[in-house]
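Residue numbers (this note's numbering), protein chains in the order written: chain A, 1 to 361; chain B, 1 to 361; chain C, 1 to 361; chain D, 1 to 361.
Honestly, I wouldn't trust all of these hints.
Treat identical chains as interchangeable: a pair holds within one or across any two.
Unchecked claim - With a straight-line Cα cutoff of 27 Å, these simulated DSS-like cross-link-like pairs (lysine-lysine) come out:
#, residue 1, residue 2
1, 303, 258
2, 171, 303
3, 355, 141
4, 177, 303
5, 171, 258
6, 121, 72
7, 353, 177
8, 355, 177
9, 355, 258
10, 355, 171
Source of the hints: derived by calculation from the structure; they are not laboratory data. Note that the coordinates shown come from a computational prediction; the quantities given were computed from them, not determined experimentally.
Number of protein chains: 4
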Amino acid sequence: MARTLRVALIGQGFMGRAHSNAYAQVGHFFDIPYQVDRTVLCGRNGQTLEAMASRWGWRETTTDWRTLVDRKDIDVVDIATPNVLHAEMAIAFAGAGKTVLCEKPMAVTREEGERMVAAAKNVRTMVWFNYRRVPAVAFAKRLIDEGRIGRVFHYRAVYLQDWPTSGGTTKAWKLEKAGAGSGVLGDLLSHIVDLGLYLNGPMTEVSATMQTFAEGRDIDDATLALARFTNGSIGSFEATRYAVGCRNRNQFEIHGEKGMLRFNLEDMHRLEYFDATLPANVQGARSIMATGPDQPYSNNYWKPGHVIGYEHTFIGALGDFLNALGRGSEFHPDFADAQRVQVVLDTIERSAKSKSWVAVE
Amino acid sequence: MARTLRVALIGQGFMGRAHSNAYAQVGHFFDIPYQVDRTVLCGRNGQTLEAMASRWGWRETTTDWRTLVDRKDIDVVDIATPNVLHAEMAIAFAGAGKTVLCEKPMAVTREEGERMVAAAKNVRTMVWFNYRRVPAVAFAKRLIDEGRIGRVFHYRAVYLQDWPTSGGTTKAWKLEKAGAGSGVLGDLLSHIVDLGLYLNGPMTEVSATMQTFAEGRDIDDATLALARFTNGSIGSFEATRYAVGCRNRNQFEIHGEKGMLRFNLEDMHRLEYFDATLPANVQGARSIMATGPDQPYSNNYWKPGHVIGYEHTFIGALGDFLNALGRGSEFHPDFADAQRVQVVLDTIERSAKSKSWVAVE
Amino acid sequence: MARTLRVALIGQGFMGRAHSNAYAQVGHFFDIPYQVDRTVLCGRNGQTLEAMASRWGWRETTTDWRTLVDRKDIDVVDIATPNVLHAEMAIAFAGAGKTVLCEKPMAVTREEGERMVAAAKNVRTMVWFNYRRVPAVAFAKRLIDEGRIGRVFHYRAVYLQDWPTSGGTTKAWKLEKAGAGSGVLGDLLSHIVDLGLYLNGPMTEVSATMQTFAEGRDIDDATLALARFTNGSIGSFEATRYAVGCRNRNQFEIHGEKGMLRFNLEDMHRLEYFDATLPANVQGARSIMATGPDQPYSNNYWKPGHVIGYEHTFIGALGDFLNALGRGSEFHPDFADAQRVQVVLDTIERSAKSKSWVAVE
Amino acid sequence: MARTLRVALIGQGFMGRAHSNAYAQVGHFFDIPYQVDRTVLCGRNGQTLEAMASRWGWRETTTDWRTLVDRKDIDVVDIATPNVLHAEMAIAFAGAGKTVLCEKPMAVTREEGERMVAAAKNVRTMVWFNYRRVPAVAFAKRLIDEGRIGRVFHYRAVYLQDWPTSGGTTKAWKLEKAGAGSGVLGDLLSHIVDLGLYLNGPMTEVSATMQTFAEGRDIDDATLALARFTNGSIGSFEATRYAVGCRNRNQFEIHGEKGMLRFNLEDMHRLEYFDATLPANVQGARSIMATGPDQPYSNNYWKPGHVIGYEHTFIGALGDFLNALGRGSEFHPDFADAQRVQVVLDTIERSAKSKSWVAVE
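Looking at chain A on its own, in the form it has when it is part of the complex (with noise of 0.2 Å):
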C-alpha cells in the first residue's frame, strides 16, 4: 500500500497552478510509492486562493507560511513564491526537517544560496529546473553520455521571449528587483545555465554584459555571456524578454566531432540530431520526435507521435523526485546542483560589472 505524502505548496500563481497539475496527475503518468495528498495551499492573496485550492483538490488554505513550519502533517514543502523568499522559506523549512521544493531561480544572491545548501544538508531538496524532463532534453543527455557528439567544440544556448509584443506582464514580481533579484538573469538565464552545466559540465569563466531597454527598470532585460568550458569547448548564452517574434525560444545547439544536437521548447517534442559519423553524403539534421518509442518517459505519457505539453515537464520532475524519494536514491538537480548555477549568474554578474572575463568560483 502506497505511503501517504503530504504536500504543502506555497504560491498562487502560474507556478502555483502549473505545480498543482503537477500533484494532481503524477500518479497518472508515473508509478510512485505514494499517495500524494494536497494537504495545504498557501498564498497572500487571500480572495483568490479558496478557489484555486477548490479547483485543483488543496484540502486546507493559509495565506501564513510560518504556521507550516511546525506542521507534524507536513511532509514536503514547495516554494513557488516570488524568488526574494526562496531563501528564508527554505531554511526554514530545511530546518524543521521538511523535503523542500523549490522554483527556480533557487535563490537571488550567491550567498543566499549558499546559506539554503547548508540549511538543507540533512533534508531532500528539488529545485525545478523542469526543463530537464522535456523527453527531447533527457534524450538529448543520453546521446551524449553514450558518446554520440563525442569532444564538444561548441554549446550555444538562448532563451528568448518577447514579453512587449506577445502580451506578456508588464507590472509583476517579476520585472522588480524587489520581487524577483534579478531580470532574465534569474528567470530565463538560469534555466539555460542549468542545461549547459547539465549537458556539458562546468564552465571555468565567463564574459558578459546586461542590459536593460525599458524605462525605470531596475533589473536586466537581456543578458548575454561567452562561456568557456572545462571540457574545452566555448559557448554563449543569451537571455531577453526583447527578442520580439521568439514567443518561448529556449534552444541549445552543441557541436562535437561526431554530431549534433539541436533543442528548442517551442517544438519540445522534437530533437534535431546530426550523425557525423554517417558518411557524408547522407549527413543531415535529423528531426526525431521525441515521443518514443524507446526515449525518456516514453512509457509514461501517450503514444508515440503523440504530443506531450509544457505541464508535462513539471510532471516528469515531481514523478522522478519522488521516486528517487521512495527509493532513497540521488536526484539532480537538488540544491547543490541549483547552487552550481547560482555560482554562474554571480559570475555573470560581476563579469558584466566588471567589463571583463572572470574565472567561475
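Since chain A is already given, all that's left is putting chains B, C and D on it; use the hints.
Only chains B, C and D this time, still in chain A's reference frame:
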C-alpha cells in the same frame, strides 16, 4: 453550487486512458457547471480494470456494460470500446435516456449510424472527433469563418502513420474487421473527413481506392479519395498506416483566393497561415504559435509560448460539451454530425468497389 | 580538340532564356566533348529577337523556323515553343537528321507523341524534363536504386503554383488550348508524372479529375489523379495553379518499407530522408543538403553548402545529354520516355471524362 | 554602343572561378553600360592556368601580376588571391589608376587596410562582400530602411561551417597565418561583421574570444564576440569551422520593437519576417521566398518561385558595381566600408588578447 454529473466510462484501452484523463482534468482548465463524478469504469478485462480505476479515480468497476443501462445514478455514458460495439451500446443507453458520448468512428456501417441517430434523437450526444479542439484547428475554423481565406479552391488532407516502423501494434482489434469494421477508413480517414466537413463543408462526390498491404489482413491499410465539395472546391483525402517516416501526420491544407492554411498534428501547437491579401513581396507562410493570446482555448491552459499536448484535445472537447450541456446550447460534433462522416465513409467504400465516382448521399 | 556543335534554338520566351543560359554555361561546369556554337536563335517576334540574340551570344536570328530544316551547318535543334508547335517542328527536324531537343510536354496529344517517336527513331533526342537533374532528385534516384527505401507503399506528388496571387501571367499562350493544348496537365502534371515514372516505375491505372476555376478559360486549372503502380504501390498526383500560398511547390514523397524520401522544388538544395532501418528512437526525417560531397553533380558546381539554382537544372540536363551524345551512350528522358508521360496524361484525361478508373495503356 | 571594359583577374582558385562566372554572366542578367572583356587571367600555377582561362573565356594568361600594373589595356583589376597579398597588389594597381576589386577580407591588418584606403582614394573600388547581394539580404535591408523593424534591441549573427565533417580542406593557405593572416576572423567573421554594419550600423565596443581546436594550427578556428551598437542594441557574432552539422550557416536575426528578421545562407532564397504590428493572434514568423515579385533583383533572374544560387551573389555584386561605375554613382561596399570591417576585426583581436571589452575606434 455545481451539480454532480455521474459518468460511466466503457473502455480500458488507450482511449479509456485518454478519456479518464479528460474527466480528471476538465475541471482544472474549464469553468464547468458540474462536479464530474467518475462513477463507474467498465471493461472486459477484469484483471487490469481495478488497477486502472484506482489510478484514474473511478469509484466502481464492472465488466458487464448492460448493468449500467438502467442505473439511475448514472447521467452520462461514454463509449470507448472497439468500433463494432458502439451501435448496440449507444442505442441501449440513449433509449434509457442517458447522455451518450461515443468514440469515433461512431459506427461500422452507415445503416448502424442511422439507427444510432434515430435512437438518440431525444438525448444529448457527442462524438470524440477530438481534433476539432486542437487550438490551432479551432483557430483555422475561426479564420475561415472570418472570411480570411475567401473562396476555396483546394482542400488537401492526409492522415499518415507508420505502424510497421514506429513500434505500432501488429495484433489488436483495430487490425481486424471483427473488431474495427474497417482499417484506416474508420480509424484515421474518419478524422480527416470530419475536419474536412467542419472546415470546408459538405462533399458532393468522391472517387476512392482502398489497399491492404499486409498478408492476410481483412481491412484497409490505406485509403485514398478525391472529392468535390458543395462550395466548388476540389480535394483529396489519404489515410494510411504505411507512411513510413510519418509518426502521426494528420495534416490539412486549404487554398482559397485570399490565403492558405496548413496544419499538421505532429506540430499541433502551430498553424501556418499565408495571407494573400498582403503585398506580394511580403507574403509568406506564417508559422503561428496557437498558444495565445486571443486564440481558442488560450485562456484555458498555460501562457503564450507554452504548449499543450495530445491529451488536451480530449479535455477541450469535454469542456466544450459540458458547457453546452449545462447551458442547453448546441454542441458539435454530435451523432448527426458523425453520421455525415459515416455517409462519406460509406460512399468512399462504394466508390472503391465500383471504381468510379459516386455521389455523396 | 573538341568538336564544334552548332545549335539552333527556337523560342524566345522564358524557356528560350533558360536554354540560352544553359548553352552559355554548360562548358563552364561540365567537361563536354564539344565546343557549343550558338548558331541561330529563331523566334516569331522579330522586334525583340535581335536584342535577345545579342545578350545571349547567338550569332544569327531568323523568324522562320522552316529555313533551318535543311541547313547543313546546324547539328542540333532545340524546340522551346508553345506546345502545339512541337510535333510539326520535331518531325521536320528529325526527318532532316538533326539531333532534336524538345521542351515539355513533348506533345499535345498521345497520337502526336507517337508520330514524334516514330519520326525520331534514327536521331538522338532529349526532352527537357529538367527536374531529373536537380541534384537532390538525382540523389533520391540513387538512394532508391541502392535499395534504401525497399518495397514502396506510397508515392505522393504535387505541383502547386499560385498564379492568381504571385503576379503570374493572366494572358499567355499557356492559358489557352490553342497554344498549350491543356492547362496544368501538360505544364505541371507532366513534370511530376515524369518524376513518378523515373523514381517509382510504370503505372497500371488512374482515376482523375480536372477543374477550371477561371471564367471562360478552356483549359484545366487543376488536375488530380489517384494511381496504382506496377510495383504494387499506390499514389496521388495533383497539379494546380490555384494553390494560393505555394509559389512553386513541386514535391514528392515516397514511403517504403525501409524509409521515406521527400523533395520540394522550393527548397531544391535539400532532400529529406527518413531511414527506417535505424533504431526507432533515433529515426527522424533528415534534411540533407544536396550540395555534396559525394552526391550527383557535386563536382560540377561549387562547394558543399553552396547552393545552385533553378537554371542549373537545365545546365545539368544539357551537360548529361552532350556527354551521352559524345559517347554514343543512352540518355534519358528521350522522346520514348516522354511518350510514356504522354500516355499517362492521355489516360488521365480519359479517366476525368469517364469518371472512372482507366488502365494505363 | 556599350563601352568595352577590360578586366584582369588575379586568382585561379575557388574565388577565381566564382568571379570568372560573374564576368561571364553579368551581361545576361543585368543591363550594364559595358561590354565586359575578360582580358587577362593571372595566377601562380602555370600548369592549370591555361585550362582555366580557356574554360572561362579569358583571352590571355600571365603568372606575374606585376606585368599588369602598367598595361594601358586594362581598366579593372580584380584581386582574388590569398589575403596576405591583397594590400601590396591593391596599392600598386590603385596607384596606376586602375579600378580595383578585392576579395574579402580586404586586408590582414587594420594598418594594411588604412594604407589601401589611402592609396585608392582616387580610384573606384569594390570589396566582394557578396552576401549583401543575396536578394533576401537586400530585401531585409529594405524592410529595415522602411522602418518595419523599428528600434532594434538585438542583432545575432553566426557563420557556422563544419570543415572536419563536410569534406572541407585540411591543407590550404586559408589554414595558415602566412596565407590568410587569420582563420575564421577574416574568412567568416568578416562577412557577418560586414552584414552587421550594413544592417544595424556601427558598433561601439566588443568583447571577444578566439579559439584554435586543431593541433599545431596558428590561426583561429572559432571566434565569438559580444557587441554593443550605436543604435543602442546589443549583439553577438560567432564564426567557426567546427560547427559540426552546419554546412554553411551564415545567419542573422534582428529583433526590433516592430518585428524580427531572420536569414540563413543555407536557405538563401528565404527571408523570415515576423511582423509584430499585426494583431497578436495572427503574428508568426513568415517564410518569404525572396524570388520576387517586387523584391531586390527579382527582375534580373528568373520568375517568382524559381531560385538562384550562390554564384548569383557575385553576379549581383558585379552588376551593381558596373552600373554604379557607369553612372559615376556611389557603390558600397568599397574600400572605406571594408576598412570599417577591418577596424572591428582588429578590435575583436585586441579584446580577445586583453580579455576585456574594447571600444571600437
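Evaluation of the provided hints:
1. 303 to 258: Classified as between; 21 Å across copies, 30 Å inside a copy.
2. 171 to 303: between (41 Å within a copy, 16 Å between copies)
3. 355 to 141: Answer is neither: 33 Å inside a copy and 32 Å across each miss the 27 Å cutoff.
4. 177 to 303: Cα proximity of residue 177 and residue 303: across copies only (23 Å, versus 44 Å in one copy).
5. 171 to 258: between (46 Å within a copy, 21 Å between copies)
6. 121 to 72: The answer is within: 20 Å in one copy meets 27 Å, while 57 Å across copies does not.
7. 353 to 177: within (17 Å within a copy, 35 Å between copies)
8. 355 to 177: within (22 Å within a copy, 30 Å between copies)
9. 355 to 258: neither (35 Å within a copy, 30 Å between copies)
10. 355 to 171: neither (30 Å within a copy, 38 Å between copies)
Checked against the numbered hints above, the structure violates hints 3, 9 and 10; every other hint is satisfied.
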